[in-house]
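**Student:** Sequence:
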Amino acid sequence: MLRNVVAICVVSVAPVICEIVASVDLCLFMTTKNSP
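Residue numbers (numbering that gives the first Met the number 0): 0 to 35.
Since the hints were made in silico from the structure, they are not lab data.
Among the hints, erroneous ones may be present.
Computed beta-carbon distance windows for the label pairs [to be verified]:
id, residue 1, residue 2, range
1, Asn33, Asn3, 40 to 48 Å
2, Asn33, Leu1, 43 to 51 Å
3, Met0, Lys32, 46 to 54 Å
4, Arg2, Asn33, 27 to 35 Å
Idealized CB from N, CA, C, for every residue including glycine.
Turn these sequences into a full structure, and let the hints guide you.
**Tutor:** The structure is reproduced here in structure tokens:
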């Protein structure tokens, strides 16, 4: 039962973390690209 709960938590949190990481990467990429 606990394993199922953990799996559900991971599955629901993973996309959010991916989105945050992607936006941070994009921000860093844009700043490094724009800086001389």
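**Student:** Give a verdict on every hint.
**Tutor:** So, going through the hints one by one against the coordinates:
1. Asn33 <-> Asn3: 40 to 48 Å: holds (46 Å)
2. Asn33 <-> Leu1: 43 to 51 Å: holds (47 Å)
3. Met0 <-> Lys32: 46 to 54 Å: Given about 48 Å between the Cβ atoms, the range holds.
4. Arg2 <-> Asn33: 27 to 35 Å: violated (46 Å)
Hint 4 from the list above is the single one not met by this structure.
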